[in-house]
Amino acid sequence: MKNPSEEQSSMQEKKGVSRRAFLRGAGLTTAGTVALSAGLLSFKLEDAKAPPAILGPGEAEVRFVVNGQARTIWVEPRTTLAEALREHLSLTGAKVVCDRGSCSACTVWVDGKPVNSCITLAVDVSGREVTTIEGLAQGDELHPVQEAFIEHDASMCGFCTPGMVMSCAALLKRNPNPGLEDVKLATSGNLCRCGTYPKVFEATLAAAKKMKK
Amino acid sequence: MKNIHASGHVRGQSVFLDDLPVHEGTLYAAVFGSPVAHGRITGADLERARALPGVVAVFSHEDIPGKNQIGGNIRDEPLLAERELHYIGQPVFLIVAEDEWTARRARLLAGLQYEALPAITDVEEAWGREQFLFPPRTFRLGSVDEAWEHCVYHFEGEAETGAQEHLYLEPQASYAFPAPHGGMKICSSAQGPAEVQHVAARVLGLPVHRIEVEATQLGGAFGGKEGQATAWACLAALAAWRLQRPVKLVLPRQDDMRMTGKRLPCRARFRIGLSRALKILTYEATFLLDGGAAAGLSPGILERALFHATNSYYIPNVRATAFCCRTNLPPNTAFRGFGAPQAMFALEAAIARAAYELGIPARRIQEANLLKEGDEFPYGQRARQAHARQCWARAEADFDIRKKEKEVEAFNHQNASTKKGLAMMPVCFGISFTKTSMNQASALLHIYQDGSVGLSSGAVEMGQGVSTKLAQLAAMALGVQAERIRVETTDTARVANSSPTAASSGADLNGKAVQHACAQLRRRLLETAASILRAPLAEVDLHAEQVWRNGRPTALSWEKLAPEALQRRVNLSAQGYYATPLICFDREKEKGHPFAYYVYGTAAVTMAVDCIRGTYATEEVCIIHDFGDSLNPDIDQGQVEGGVVQGIGWMTSEEVGCSPDGRLLADSLSTYKIPDIYAAPDVIDCRPLGAEGPGMAALRSKAVGEPPLMYGIAAYFALIQAIRAFNPHYRPGFRAPMTPEKVLMALYQDENAAAL
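So the protein sequences, as listed, match chains A and B. When we follow the working numbering, the leftmost residue of the first sequence carries the number 1, and every step to the right adds one. When we follow the working numbering, the leftmost residue of the second sequence carries the number 1001, and every step to the right adds one.
Please note: incorrect hints may appear among the correct ones.
Distance condition first, Cα-Cα at most 30 Å in a straight line; then the derived DSS-like pairs of lysine-lysine [stated by the list, open to error]:
1. K1673(B) - K1435(B)
2. K1435(B) - K184(A)
3. K213(A) - K1404(B)
4. K184(A) - K1404(B)
5. K173(A) - K213(A)
6. K1002(B) - K212(A)
7. K184(A) - K209(A)
8. K213(A) - K184(A)
9. K184(A) - K1742(B)
10. K173(A) - K1002(B)
11. K1673(B) - K113(A)
12. K209(A) - K1589(B)
13. K1002(B) - K210(A)
14. K1002(B) - K184(A)
15. K1002(B) - K1406(B)
Hints were generated in silico from the structure; no laboratory data involved. Small disclaimer: the values here were computed from a predicted structure and weren't measured.
Chain A extracted, bound-state conformation (with noise of 0.2 Å):
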């Protein structure tokens, strides 16, 4: 009789060759890669080329940008980009709150672009840049979204804030311009069961207003 550990071991084994198999499949068929794209972070076609790498069983070394530094972690392949920034990386800012993409309050940037980290593989932003709602400010300096919400009383819990601020920060930079559709279309996956929504609106366009001047 085997072990538990051996049993393990064999049964991620025989787990690594049916994930080869499919990704293999997934890069052959045109259907499939475009299928797999839309849920990847901006994959590009040229990686499908070559077969992806073979990530576990253990850990995988993810070497990415947090916050303007270089870090470096071993994490499970399964590790979500929230769990790596909050219990690897002691960036506590972005809560898990849904665990499935369904509320946004896990939201970081990758690449300068709003994602829903409860459901981005840390394996995935190897060689990316991730700004946390702690890189947010300039040192002392706040973003002038975080300064907003200050002044409009857009938090009340707090839960929901950190997420709030990096989506309605990352629409500012893709739209210095926003009207009331715009924050509302930015910041429709941010839940807040508060009921801050009108002040987010408030502080999101008097940030706007600020910023341009």
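Dock chain B against the given chain A, drawing on the hints supplied.
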């Protein structure tokens, strides 16, 4: 003054429970819940779970050193199931492992054998079988049956409201670790740390003083972390105690939604009688509240439903009876409004029913029956500083309701596929815990030798801004800048025996206790200053961080005064205490004076319905709210906006649903729909009534947490109006929530269909 936590929130630096740095050697727990709504345990197979590498222990009820009982006044809730299973998700085992992932994987390997028993998931069935968690209660005024004979108009009907998931964004969380001298420290995301402490001591079989419970700040609670924080704290403490290692338990969202109770669903039957002048002469209501599998806080919720059965109206003859039924669902619990929203919805349904039958706007009946000064509630208290009519009149005038109604009418006339509805909602909500003994609080203040101040109280910050208000009160009372005040976390070792932060009363009770502590400190400091300045006490004053004499500033600043007082051996710490005066209630007679005061308000909500798709939007919410003399208008305004959005959610999109075998159908954020940014009203125009607040409120600033939720009830009735504008055959069944699916069905309901 801005929320003192805002800066931490926007920087991502606020520390919630799961953000606390963990101790070396911390273990993680996962809860194995019952797979069946009702059953008898016949066996367990835990060997496979125990054998998984990384698993440290699996605990069952047999491992509990003290009592396996976490119930409140009614002891009907085990921490871990013993022989019987009463709802899906009821904790049975606790699995502890080196990491969270392993604990959750081990949970899949644990086995439980049971014999399934018939489950009751319908409140009517529970009522029919007399399955009650505790005896029913009735409030009476006048003579309902006699008055019925004198009414010109008689209507009967039913109304129903659904469960509401709290969906505090921060899940239930606890972190327990052995403390020096044989103690146990529990960090808990609890609204009532003292209750957690008390119950954890019972479970561990220890005296209360060996357990310390601390709440940092909560990522939302809304009543869901009042009674319901206890189980998770006790489980973490049980494991930490048995293993003598730190143990953390943070519920994954799906566990949280499956294992914790919601707002009590309510089915009501009503009978309402009116005079020709539209005076409600008689009202009779029977409420069937679904308490779930254990009593928890339901006795208080049932009571609150009865207290507010007549809402903002004076009705001379009332008989209101409430039953709390036992079903095989997770124990339902407190949620903002605490039974009152359920009862108020029933009365509004009765009024709407009468209005439709009579072919008049509901507004006319509402207005004709509003409370006036001195009117008696069914429980004996009389309305004082009754602002129901002022709020209503101000709303009509400020927002030009007649004009809005005409606009809605014109819009409906001109548009075939979009219809609008407008409904008004008056609210009267009593402030105090209805259990009189809970209306007490204490606070502990220290002035340190550099003049900075530490403030501890029993109040838990959960986003409602109570810390900011307490800092303001202390700063005003001591005559210093609010920046000097640090509001500490809520800890049972600093402030003991506190009531939970609930019933909208946190700022009132703790604020008064803070004021009491500050008054003592101020007195001592003024005496010290008088002695330093060799001046009579009457000439000395303390404000703006300065000692003043005869209206002129002296050289003695706050920063100099504090160390000088210490040198002179003046006690720079004070404990404040407050117990709400005058309140009482006799449960034998169901009469008394349970509330310190009432909060009033009136809302008008306009909804627009897409009659092709059944979707809808909240166009506008206009509110006149009775804040008293608001201590912090920004925070209070936020509470009103947040409350009304939650109320609208409860009435519209938030549907829990339950399968006949007791499985909750919406158990994640992808299936349970709280209002998102599109569902929030475009305009919430909330204006203060401007009337003076009562002396029973801290600095006459009225409590604000719960009352605004009930403004959301107007959303339901506005939707009904809009649907009727499209489909005159529609017969409302007064069953909330009115989801878009139901709206669509109602839009195309034919005349013979059952009420919807």
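Going down the list of hints, with the structure as the test:
A threshold of 30 Å between alpha carbons decides the hint, and for K1673(B) with K1435(B) the separation of about 34 Å lies outside it, so the pair is violated. With a C-alpha separation of about 43 Å, the suggested pair K1435(B) and K184(A) falls outside the 30 Å cut-off, and the hint is violated. Distance check on the hinted pair: K213(A) and K1404(B) sit about 39 Å apart at the alpha-carbon level, beyond 30 Å; violated. The straight-line distance between the Cα atoms of K184(A) and K1404(B) is roughly 26 Å, inside the 30 Å bound, and the hint therefore holds.
Taking the CA atoms of K173(A) and K213(A), the gap is near 15 Å; set against the 30 Å cutoff, the hint holds. A hinted pair counts as satisfied when its Cα atoms are at most 30 Å apart, and K1002(B) with K212(A) qualifies at roughly 25 Å. Simply put, K184(A) and K209(A) have alpha-carbon atoms about 17 Å apart, close enough for the 30 Å limit, and the pair holds. Pair hint K213(A) plus K184(A) holds up; C-alpha atoms about 23 Å apart against a cutoff of 30 Å.
In summary, the hint linking K184(A) to K1742(B) is supported, as the alpha carbons are separated by about 26 Å, within the 30 Å threshold. Of the pairs offered as hints, the one joining K173(A) and K1002(B) holds, with about 27 Å between alpha carbons and a cut-off of 30 Å not exceeded. Between the alpha carbons of K1673(B) and K113(A) the distance comes to roughly 26 Å, so the proposed pair stays at or under 30 Å and holds. Pair hint K209(A) plus K1589(B) does not hold up; C-alpha atoms about 62 Å apart against a cutoff of 30 Å.
A distance of roughly 20 Å separates the Cα atoms of K1002(B) and K210(A); the hinted pair therefore holds under the 30 Å criterion. In summary, the hint linking K1002(B) to K184(A) is supported, as the alpha carbons are separated by about 25 Å, within the 30 Å threshold. The straight-line distance between the Cα atoms of K1002(B) and K1406(B) is roughly 40 Å, outside the 30 Å bound, and the hint therefore fails.
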